[in-house]
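Participant: Heads up: the protein sequence lines correspond to chains Z and A, in order.
Under our numbering, the residue at position 394 of the first sequence is numbered 394, and the numbers go up by one with no gaps.
Under our numbering, the residue at position 43 of the second sequence is numbered 43, and the numbers go up by one with no gaps.
Treat the hints as calculated values from the structure; they're not laboratory data.
Keep in mind that the hints are not guaranteed to be accurate.
Below, simulated DSS-like cross-link-like pairs (lysine-lysine); rule was C-alpha separation at most 30 Å, straight line [stated by the list, open to error]:
hint	chain 1	residue 1	chain 2	residue 2
1	A	139	A	168
2	Z	345	A	201
3	A	38	A	168
4	Z	438	Z	12
5	Z	392	A	7
6	A	258	A	146
7	Z	392	A	201
8	Z	345	A	120
9	A	161	A	258
10	Z	48	Z	438
11	A	139	A	154
12	Z	392	Z	345
13	A	154	A	168
14	A	7	Z	345
15	Z	392	A	3
16	A	120	A	139
17	A	168	A	146
18	Z	48	Z	392
Listed below are several chain Z residues computed to face chain A (Cβ distance under 7 Å; list not exhaustive) [claimed, not checked]:
hint	residue
19	308
20	369
21	373
Listing some non-contacts, in silico: residues in chain A with all C-beta distances to chain Z over 10 Å [said to hold, decoys possible]:
hint	residue
22	4
23	23
24	92
25	93
26	95
27	133
28	145
29	153
30	169
31	194
32	221
33	308
34	311
35	312
Here a beta-carbon is modelled for each residue, glycine too, at the ideal position from N, C-alpha and C.
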Amino acid sequence: MRALASMRGISKSFGGAPVLDGVDFDVFPGEVHVLAGENGAGKSTLIKILAGAYSDYRGTIELDGRRVRPVSPLEAKRLGIAVIHQELSLVPPMSVAENLLLGSPLVRAGFVRARAQRAGASAALAEVGLNLDLDGAVEDLPISSRQLLEIAKAVRLEARVIVMDEPSSALNAQDAELLFSIIARLKATGRGIVYITHRMEEIQRLADRVTVLRDGRMVGSREAARMPERELVALMVGREVDDRFPRHGSAPGSVALRVEGFSVRGADRSARPLVDAVSLSVRRGEILGLGGLQDSGASQLLLGIFGGLPGRASGRLEVEGRELSVRRPRDAIDAGLALLSNDRKATGLVLSQSVTANICAASLGRLSTWGWRNPAREAGLAARIGASLRLKAASLDMEAESLSGGNQQKAAIGKWLAADPRILLLDEPTRGIDVGAKHDIYQLMNEWTARGIAILLITSEMPELLAMSDRILVMHRGRITSELSRDEASAERVLSAAMGKVEAAEAAAEGKVRRC
Amino acid sequence: MLKTLRKALSSSAGRAALEFLLVLALGMAFNADGAFFKLGTHRDTLRQASVYGILACGMTMVVITGGIDLSVGSILGVSAVSFSILTMHMDWPWPAAVLACVLLGAALGGVSGGLVARAKLQPFIATLAMQYFARGLAKYITGGKKISTYVTAKSGEVVIKELPSIFKDIDSRILWGNLSIVSVIFFVCIAVAWVFLARHKWGRELYSVGGNEEAARLSGVPVRMTKFLAYAFAGIMCAVAGIAQAAQETQGDPEAGKDYEVIAIAMVVIGGTSLSGGRGSMGLTLLGILTIGYLQKILSINAVPEAWRLMVTGVIVVLAVLTQRRRAK
Numbered sequence: 001m002r003a004l005a006s007m008r009g010i011s012k013s014f015g016g017a018p019v020l021d022g023v024d025f026d027v028f029p030g031e032v033h034v035l036a037g038e039n040g041a042g043k044s045t046l047i048k049i050l051a052g053a054y055s056d057y058r059g060t061i062e063l064d065g066r067r068v069r070p071v072s073p074l075e076a077k078r079l080g081i082a083v084i085h086q087e088l089s090l091v092p093p094m095s096v097a098e099n100l101l102l103g104s105p106l107v108r109a110g111f112v113r114a115r116a117q118r119a120g121a122s123a124a125l126a127e128v129g130l131n132l133d134l135d136g137a138v139e140d141l142p143i144s145s146r147q148l149l150e151i152a153k154a155v156r157l158e159a160r161v162i163v164m165d166e167p168s169s170a171l172n173a174q175d176a177e178l179l180f181s182i183i184a185r186l187k188a189t190g191r192g193i194v195y196i197t198h199r200m201e202e203i204q205r206l207a208d209r210v211t212v213l214r215d216g217r218m219v220g221s222r223e224a225a226r227m228p229e230r231e232l233v234a235l236m237v238g239r240e241v242d243d244r245f246p247r248h249g250s251a252p253g254s255v256a257l258r259v260e261g262f263s264v265r266g267a268d269r270s271a272r273p274l275v276d277a278v279s280l281s282v283r284r285g286e287i288l289g290l291g292g293l294q295d296s297g298a299s300q301l302l303l304g305i306f307g308g309l310p311g312r313a314s315g316r317l318e319v320e321g322r323e324l325s326v327r328r329p330r331d332a333i334d335a336g337l338a339l340l341s342n343d344r345k346a347t348g349l350v351l352s353q354s355v356t357a358n359i360c361a362a363s364l365g366r367l368s369t370w371g372w373r374n375p376a377r378e379a380g381l382a383a384r385i386g387a388s389l390r391l392k393a394a395s396l397d398m399e400a401e402s403l404s405g406g407n408q409q410k411a412a413i414g415k416w417l418a419a420d421p422r423i424l425l426l427d428e429p430t431r432g433i434d435v436g437a438k439h440d441i442y443q444l445m446n447e448w449t450a451r452g453i454a455i456l457l458i459t460s461e462m463p464e465l466l467a468m469s470d471r472i473l474v475m476h477r478g479r480i481t482s483e484l485s486r487d488e489a490s491a492e493r494v495l496s497a498a499m500g501k502v503e504a505a506e507a508a509a510e511g512k513v514r515r516c
Numbered sequence: 001m002l003k004t005l006r007k008a009l010s011s012s013a014g015r016a017a018l019e020f021l022l023v024l025a026l027g028m029a030f031n032a033d034g035a036f037f038k039l040g041t042h043r044d045t046l047r048q049a050s051v052y053g054i055l056a057c058g059m060t061m062v063v064i065t066g067g068i069d070l071s072v073g074s075i076l077g078v079s080a081v082s083f084s085i086l087t088m089h090m091d092w093p094w095p096a097a098v099l100a101c102v103l104l105g106a107a108l109g110g111v112s113g114g115l116v117a118r119a120k121l122q123p124f125i126a127t128l129a130m131q132y133f134a135r136g137l138a139k140y141i142t143g144g145k146k147i148s149t150y151v152t153a154k155s156g157e158v159v160i161k162e163l164p165s166i167f168k169d170i171d172s173r174i175l176w177g178n179l180s181i182v183s184v185i186f187f188v189c190i191a192v193a194w195v196f197l198a199r200h201k202w203g204r205e206l207y208s209v210g211g212n213e214e215a216a217r218l219s220g221v222p223v224r225m226t227k228f229l230a231y232a233f234a235g236i237m238c239a240v241a242g243i244a245q246a247a248q249e250t251q252g253d254p255e256a257g258k259d260y261e262v263i264a265i266a267m268v269v270i271g272g273t274s275l276s277g278g279r280g281s282m283g284l285t286l287l288g289i290l291t292i293g294y295l296q297k298i299l300s301i302n303a304v305p306e307a308w309r310l311m312v313t314g315v316i317v318v319l320a321v322l323t324q325r326r327r328a329k
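So that you can see chain Z by itself, here it is in the shape it has in the complex (with noise of 0.2 Å):
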């Protein structure tokens, strides 16, 4: 049998950094081939190869035995090749109809043939089962029948292969079985689907054939069937912590932070919760590490115990020991915590504003008399910050924006230091720096907990979760399915747990992790 597609030898790097290193990956008419690696593995980059987002890649793509490099989206489209990404590309105003046959409306002289439309629309519907209002808006429908539609979308296109990127990640269990069943009549038609998943009970249970990817390189493609759980992390894991990482020995003292049934639904009723009556604590001069792939809703939690999901978290919170009611993220912060938000450009650091400003923005009350600013108290307090985190800028009256990533890490962190917390909340702390600013942030993070300093830490780095965490809680689709002591811990055990294996003697001792 023909290969539907065909990549052969795909090579792709930003700025200097290979992303994709020689990999070869084929769809087949029929089958559900489940890409899989951890975070950052070069999944979405292939995906995006293949649906003509990038132009400036090595290697050759063939469809259906024929040489194809598609440039542009549309230009893929028209090949056959349909992505359904988590950011959905229907209009919400729009109705279903006029949302399914968009981009390729019927027409005659210029005018929509509306009735030929509807028609059409529901054609697509039936196609893959799936049982909405023609005329209904997409904005009035829940997050996971968009989804759907999305899919509904992409088979009305005639797309023969068809790319779901983590398409259940929003799905309550009753729609991931209609998105199942949905995938079974595809496959039923000759289509070949590619899923990126980050769940192990979705590819024991979808994949016909499973491909792993590894830092860029193909590290192993075979038969679902030939390729059990234990043998798929270790693929995806591959490779040896090494010890770059100078955590100190911890002494934690007395609980800073405690969680219990926390939880946080999502923006959309009917999608699953974010987060799932997760229970934690976190002691004094402890980093308490939390694990998991995409989606977990790790850093849901944290959003939510700063305050910063006002209406959609709730739990109890105890700070040392006092419960603590959060409604906003001025209340997180005056009780001492602080939230290193994952994005520091979008949620982390005001870019227009002087470096100072942005190290003062959580301080500038105490900073103030009466409202009114001290300009040389701030200057002061920066200067002290700055140097403390080694942060390099000209001069720190210059727009944060003009920083080097790695500085404007630090400014973000800086921000945080200055209102003297004493839990920190570090949600990627080191996602898109260089090494050097990386391994500052390390030294700052044991400085920090030598100084008493209760830490959260969130990263999708395997080996510096390993190596910076004195305990580790893992986490999938908004529950903790794993809890491992620093000896305990390794790449396998982590990145199981991720994938939604509850480890299962743990799970019955702890009594507190309950079945997904």
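Fit chain A to the known structure of chain Z by using the hints.
Facilitator: Chain A alone, transformed into the frame defined by chain Z:
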């Protein structure tokens, strides 16, 4: 030399200053037989720009948060008629009337602010609605007529009352007739706005909210209160401008301030304060006020017909904003 110039032009302030100098050069070139070189011309320019300038002070605060206020002209009108009625017809002492107008302005601005900050209406919509509402309010208060010292008594007899002295005082000049009190009020407004923007916690928070609302929120900035206060402050500036306008016209015209919001916005934007929020300053707005003020004056002393004056103003606003646009990195 060229290098110094390029460096100066790399900042918003440098570009705003250059625009102002270009307009002055235009005045020197088209000096209307030397009229541009007379002190009186500059004195009038400043006086005529003052009411707009006061509005621009409040507008700057709102624009820095990433918003816009289309209601400033209408609130000016409400204030002008209220002040006139209170002082001319009801014989209130002027400080009480000023206080009442300021509170009214703050309340109307505050309603816009509440709609934007709490109800999450788009600033354009919220303040457009307020533009209509406040204009209607001004007409309701006055019955659509101009408020002057001619008062119709119950008997139907028309009495001419004495013009309250505050009207003459505001419209007078000091420094041997060279500085109008309205301009002094304008400078006070600029100073107050500047000190809040540059030296107060709230000023810093205006920039944070306009620059990155989510980052500001996660830093503990009271985002809603910050925005609310910006619109309330703009409302107070409208009230002050309305009082100045009433004094200059010696009457309260329910149509006062019509289309002024456009001029106030142009002044702020030409200065280089970004409509997308987060960047700008009172210094820039001052340059913008002077640029537009002089442009209007130069066109009028050269007796440019109104049709041309409007078109030229439109073209110059576009050119100025294009030079102010930040180069994409």
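Participant: Now, for every hint given, state plainly whether the structure supports it.
Facilitator: Comparing the hints with the structure gives:
1. Using a Cα cut-off of 30 Å, the hinted pair residue 139/A and residue 168/A holds, with the two alpha carbons roughly 25 Å apart.
2. With a CA separation close to 23 Å, the supplied pair residue 345/Z and residue 201/A stays within the 30 Å bound.
3. Simply put, residue 38/A and residue 168/A have alpha-carbon atoms about 25 Å apart, close enough for the 30 Å limit, and the pair holds.
4. About 25 Å separates the Cα atoms of residue 438/Z and residue 12/Z, which keeps this hinted pair within 30 Å; it holds.
5. Restraint check: the Cα-Cα separation between residue 392/Z and residue 7/A comes to about 23 Å, which is no more than 30 Å; the hinted pair holds.
6. Distance restraint check for residue 258/A and residue 146/A: the Cα-Cα separation of roughly 14 Å lies within the 30 Å cut-off, and the hinted pair is therefore satisfied.
7. For the hint linking residue 392/Z to residue 201/A, the alpha-carbon distance of about 26 Å falls within 30 Å, and the restraint holds.
8. Proposed proximity of residue 345/Z and residue 120/A is supported: the alpha carbons are some 23 Å apart, at most 30 Å.
9. In summary, the hint linking residue 161/A to residue 258/A is supported, as the alpha carbons are separated by about 27 Å, within the 30 Å threshold.
10. For the hint pairing residue 48/Z with residue 438/Z, the CA-to-CA distance comes to about 29 Å; that is within 30 Å, so the pair holds.
11. Taken as a hint, the residue 139/A and residue 154/A pair is honoured in the structure, with Cα atoms around 21 Å apart against an allowance of 30 Å.
12. Between residue 392/Z and residue 345/Z, the direct Cα distance comes to roughly 18 Å. Compliance with the 30 Å bound is thereby established for this hinted pair.
13. A C-alpha spacing of about 28 Å is found between residue 154/A and residue 168/A, which places the hinted pair at or below 30 Å, so the restraint holds.
14. Using a Cα cut-off of 30 Å, the hinted pair residue 7/A and residue 345/Z holds, with the two alpha carbons roughly 27 Å apart.
15. Of the supplied pair hints, the one linking residue 392/Z and residue 3/A holds, its CA atoms being roughly 26 Å apart against a limit of 30 Å.
16. About 29 Å separates the Cα atoms of residue 120/A and residue 139/A, which keeps this hinted pair within 30 Å; it holds.
17. Distance restraint check for residue 168/A and residue 146/A: the Cα-Cα separation of roughly 18 Å lies within the 30 Å cut-off, and the hinted pair is therefore satisfied.
18. In summary, the hint linking residue 48/Z to residue 392/Z is not supported, as the alpha carbons are separated by about 35 Å, beyond the 30 Å threshold.
19. Nearest Cβ of chain A to the Cβ of residue 308/Z: about 6 Å, under the 7 Å cut. The hint holds.
20. Taking 7 Å as the C-beta contact cut-off toward chain A, the hint placing residue 369/Z at the interface is violated, the least distance being around 10 Å.
21. Of the supplied interface hints, the one on residue 373/Z holds, with its beta-carbon coming within about 6 Å of a beta-carbon of chain A, less than 7 Å.
22. Every beta carbon of chain Z lies more than 10 Å from that of residue 4/A, the smallest distance being close to 19 Å; the non-interface claim holds.
23. For residue 23/A, the requirement that its beta carbon stay farther than 10 Å from each beta carbon of chain Z is met, with the minimum near 27 Å.
24. Every CB of chain Z is more than 10 Å from the CB of residue 92/A (nearest about 32 Å), matching its label as outside the interface.
25. The claim that residue 93/A is not at the interface with chain Z holds, since no C-beta of that chain comes within 10 Å of its own (minimum 31 Å).
26. No beta-carbon of chain Z comes within 10 Å of the beta-carbon of residue 95/A; the shortest separation is about 25 Å.
27. Distance check on residue 133/A: its Cβ is at least 28 Å (rounded) from any Cβ of chain Z, clearing the 10 Å threshold; non-interface status holds.
28. At roughly 44 Å, the least C-beta separation between residue 145/A and chain Z is larger than 10 Å, which holds for a residue marked as non-interface.
29. Taking the minimum C-beta to C-beta distance to chain Z, about 50 Å, the non-interface status of residue 153/A holds against the 10 Å cut.
30. Chain Z leaves residue 169/A outside its interface by the beta-carbon criterion, the shortest separation being 32 Å against a cut-off of 10 Å.
31. Non-interface status of residue 194/A relative to chain Z is upheld: no Cβ of that chain comes within 10 Å, the nearest being about 13 Å off.
32. A beta-carbon of chain Z is positioned within 10 Å of the beta-carbon of residue 221/A; the least distance is around 7 Å.
33. Against chain Z, the non-interface label of residue 308/A holds: every CB pair exceeds 10 Å, the least being about 38 Å.
34. With a least CB separation of 34 Å from chain Z, residue 311/A remains clear of the 10 Å interface cut-off, as annotated.
35. Once the 10 Å rule is applied to beta carbons, residue 312/A is consistent with being away from chain Z; the minimum gap is 32 Å.
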